[in-house]
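*Asks:* One line per chain: the protein sequences are P and H, in this order. Just so we're aligned, residue 1 is where the first sequence starts under this note's numbering, counting upward by one. Just so we're aligned, residue 1 is where the second sequence starts under this note's numbering, counting upward by one.
Treat the hints with care, as some may be off.
For chains that are exact copies, the list does not tell them apart, and a pair is met inside one copy or across any two.
As the list claims (entries may be wrong) - Calculated cross-link-like contacts (lysine to aspartate or glutamate; reagent style EDC-like; alpha-carbon spacing at most 20 Å): (1) LYS161 with ASP189; (2) LYS179 with ASP224; (3) LYS161 with ASP191; (4) LYS179 with GLU85.
Keep in mind the hints are simulated off the structure, nothing from the lab.
There are 2 protein chains.
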Amino acid sequence: MPDTTSPQTTAPGATYEPTGRTVPTRSRERAAYDRETVHAILDEAYVCHLGFVRDGAPVVLPTLFGRVGDRLYVHGSTGSRPLREAGRTDPGLPVCLTVTHVDGLVLARSAFHHSINYRSVVVHGVAREVTDPAERRLALDAIVDQVVPGRSADARPADAKELAATAVIRLDLREVSAKIRTGGPNDEDRDLALPHWAGVVPLARGYAAPIPAEDLDPAVTVPDYITAL
Amino acid sequence: MPDTTSPQTTAPGATYEPTGRTVPTRSRERAAYDRETVHAILDEAYVCHLGFVRDGAPVVLPTLFGRVGDRLYVHGSTGSRPLREAGRTDPGLPVCLTVTHVDGLVLARSAFHHSINYRSVVVHGVAREVTDPAERRLALDAIVDQVVPGRSADARPADAKELAATAVIRLDLREVSAKIRTGGPNDEDRDLALPHWAGVVPLARGYAAPIPAEDLDPAVTVPDYITAL
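Can you make the complete structure from the sequences, with help from the hints?
*Replies:* Structural data, given as structure tokens:
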């Protein structure tokens, strides 16, 4: 089994080990554990949904994140509740981090077989506060680059005051799975002759023209890494 | 305070009562509690992220859902773990259901002020299994119509066997809030003259041409409610 705790030892093509929590009870053929698939789904997302338990009840919040090898990072204000808890609790805060892309609407002749085509990743683990200054910098760059790849090199890095106001937590990619549905509807044979349209309506992310900040110097042009989107 | 448990009594323009769980610790000006805003964000989504607690740890899964007035419905196989638990537990399963739309990438001169424009809704509550046959039908129609409005009237309804295989849970919209970020970057005055491009890259959902099922009778044309997307 590969060492999933260190980004340096990532072997391309390697897979994450399935566990009781990452093997779905249904549609097991949709599950995937290979690193390449998992990373690609994560890297295409702008937000994840971070779940944790507070006072015995679940909380799910959307948040930015970044990936460095086999580590995910989430940041926030030092006043943010889950981040405070991750720093206070030993060994950390149990979390579930989920990313989902909706790729298509699947219309079947029967209501029962309606579905969506999607790609999702679910990560289970314990989030720990990152205190090492170098790792914090790496994490913050990764979070900016998750929004726009290459952007962290073209922005003012956080200063001491901003760093002091920012908490960073890390979640290792270890207990993780992807789930993917593709293709058309799975109607029953007896329904095929029904008069209802059946098929897939594909969805895609669209980008509109960048809107410069009102106070932007007109001499500053849109950089290539934005046009590339 | 309006009766939020019955869809029939929904008063347009009414608001949900803020609670300790729905007032954010930060960026309170982004929070909204009015029914119209909350419903609009929910109705535009194809999936929600449903969080619950299993063996003391959080689990967050993407799933289809539907809304009828002030009630949300989630369905799944009767073999699905959270749905089984909602039916087994009294008074139900504590959940957090979250929906997020990413509307734009916000690029600031400083790494610290990078953000996204988004609209999210977070619902806290206890999910209960729905056993009333009429309410189950209503819920299943709402879930199909969430994928494509109007579709439930143009599909074969679930038969007895399919209904028996489907569990439906209900979550009342009571403890719920929206959170919305719009507009450009909030750079520090001292950063305005930096040479980095700043502004917003708007995102939008795009639909591609519908792909008919391979076994679809060519005489069945694409209905208007799909073209309308």
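*Asks:* Now, for every hint given, state plainly whether the structure supports it.
*Replies:* The hints, checked one at a time:
no.: 1; hint: LYS161 with ASP189; verdict: between (65 Å within a copy, 16 Å between copies)
no.: 2; hint: LYS179 with ASP224; verdict: neither (33 Å within a copy, 32 Å between copies)
no.: 3; hint: LYS161 with ASP191; verdict: between (64 Å within a copy, 15 Å between copies)
no.: 4; hint: LYS179 with GLU85; verdict: neither (29 Å within a copy, 22 Å between copies)
In this structure, the hints that do not hold are numbers 2 and 4, in rising order.
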